[in-house]
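Chemist: The primary structure of each chain is shown beneath.
Protein chains: 4
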Amino acid sequence: MASDIIGVIGASRADDELLRLAEELGQEIASRGVAIVCGGMTGVMEAVCKGARAKGGLTIGIIPSDDKNDANQYVQVPIVTGMGVGRNVILVKTADVLIAVGGEYGTLSEIAHALNIGKTVVALRSWNLERAAEKSIPNLIDAKSPKEAVDLALDALH
Amino acid sequence: MASDIIGVIGASRADDELLRLAEELGQEIASRGVAIVCGGMTGVMEAVCKGARAKGGLTIGIIPSDDKNDANQYVQVPIVTGMGVGRNVILVKTADVLIAVGGEYGTLSEIAHALNIGKTVVALRSWNLERAAEKSIPNLIDAKSPKEAVDLALDALH
Amino acid sequence: MASDIIGVIGASRADDELLRLAEELGQEIASRGVAIVCGGMTGVMEAVCKGARAKGGLTIGIIPSDDKNDANQYVQVPIVTGMGVGRNVILVKTADVLIAVGGEYGTLSEIAHALNIGKTVVALRSWNLERAAEKSIPNLIDAKSPKEAVDLALDALH
Amino acid sequence: MASDIIGVIGASRADDELLRLAEELGQEIASRGVAIVCGGMTGVMEAVCKGARAKGGLTIGIIPSDDKNDANQYVQVPIVTGMGVGRNVILVKTADVLIAVGGEYGTLSEIAHALNIGKTVVALRSWNLERAAEKSIPNLIDAKSPKEAVDLALDALH
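Chains as they are written, first to last, in the numbering used here: chain A, 1 to 158; chain B, 1 to 158; chain C, 1 to 158; chain D, 1 to 158.
Since the hints were derived computationally from the structure, they do not count as laboratory data.
Owing to the predicted nature of the structure, the values given are computational and were not obtained by experimental measurement.
Incorrect hints may appear among the rest.
Chain copies aren't distinguished; within one or between two, either way the pair holds.
With a cut-off of at most 25 angstroms between alpha-carbon atoms, the simulated SDA-like pairs for lysine to any residue come out as follows [claimed, not checked]:
| no. | residue 1 | residue 2 |
| --- | --- | --- |
| 1 | Lys144 | Arg131 |
| 2 | Lys55 | Glu134 |
| 3 | Lys50 | Ala132 |
| 4 | Lys147 | Asp67 |
| 5 | Lys135 | Asp15 |
| 6 | Lys135 | Gln73 |
| 7 | Lys55 | Gly106 |
| 8 | Lys68 | Ile117 |
| 9 | Lys119 | Val85 |
| 10 | Lys55 | Ala2 |
| 11 | Lys55 | Asn128 |
| 12 | Lys68 | Pro138 |
| 13 | Lys119 | Asp16 |
| 14 | Lys68 | Asn139 |
| 15 | Lys50 | Arg13 |
| 16 | Lys55 | Glu130 |
| 17 | Lys119 | Asp70 |
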């Protein structure tokens, strides 16, 4: 049987605080025995894979280019799409639940795509969509810490 | 030479006011001699194609299913992707500039994707992302009417 | 209503004889009032679009890159996928029937994909798959000339 | 670092002899410590995953639908694409080398796609493309047994 998979979305460039959060998030996910799928590149994606590998977690990277060597060194299973940013849709579909770290446009696109297909997104220092929509968004949940983010994500799954 | 193409994004279900706006938008785009690319299905997509056809415009639909007959009857060029919502990425890349009508999650995902790859989005009754980001978003412009939306979109192109 | 669309598949580099055939094929398709979808790039793809445009035909190019300017100059409707060779699947699905010109591996892949989803392929100087399979392949038909290829393709449609 | 991955391509329906070959192939690949990527569904895909799991191998399935539960029970890492047969391109790109089992059109399409992007394909009871092309095809190698297929595939990698 396939294990649960948490998708982690976040930018390829990020400040030190976000990278620290992402690495801690990777450790936290792996310590619960859950796999990670991400975009497989640098920044938040690399930090979360690094954290997960430190705790023996499984890391899957959905790579935008045609070259598996573009994956960061902490990706164990590189999926080579050659689809550029189009690969984000596969990332969202492959994840059982998502955690968004930080707030770039690419991340927003993935959050919206996840909400669109009915998946829960836990947000860590990310977009305040409820302000944009002027209404409550039930499947989008704010978390204060990596530990709380994983708790909320696993609650949404089970 | 390929003509300019305006992408129109909006939900497959919409209220009468949005449908009226979308149809007027289609007429306005076609009357400027510009082609339309959209998701090719119902709701906003059908209304904008209907308006464009009434003025002799070219309508391109990027179809999510494997069946060209799923396209609405006003689509002249159905592109059959079989990619489900993944086809939204192709819609955004194919458009030179985008106009968003209304505010569902699918539309938000496309707005964010367009901003992510540097394209301008003109918004008609859509998401208030500046409130979400608590900052100005230069490539996202609000319009009050279909006519103003097309003016702003063509300004961004040329 | 959407018009019929013939897909033309063939290599980006081709000898003069194939290019001449492809250009004549484009003229022949356009003179029947049928649109063309192809990969939008050089070689056979450019020649068939050139022929079609000379007769006022509609030419659709499914572009592998992220840049519509990569399309050859005879493409009227460039669809920008950013999916590399993955765009071939969209080309095959968008075509109602296909004509293969010449015999590179990319062309073979598209022929096989078309047969796999039940579409008819007419072959002009292309792969001899019946020899490979040691059996008859009902939906794969050899043609001796561009004119015969279009006759056979339209027969398969109607 | 990512491990080597062998792609196994073959039909969703297959006779008992092919299924037996595919299961033995899965055992052989896993016993060399190499991961498998396949289409994740029934037939050859299920048999090869079953064999690999019996030897503790890693099995990755590139799923055509939107539902990870469509994967066969021996897939450990289901990648959910929602792209239908378009997912075959991702399978081929993700594999370092491919082994084709049997001879349906879908398999032929993947063989041709792999050859097109320069990857080696080892064929077990598959298409005789050299007869079709009337020439030698250097990257397409026939194997007599699952063991020989894996030997040849690993030779091509290293």
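Chemist: Starting from the hint list further up, note which numbers the structure goes against and sort them upward.
Modeler: Failing hints, ascending: 2, 3, 4, 6, 7, 11, 13 and 16.
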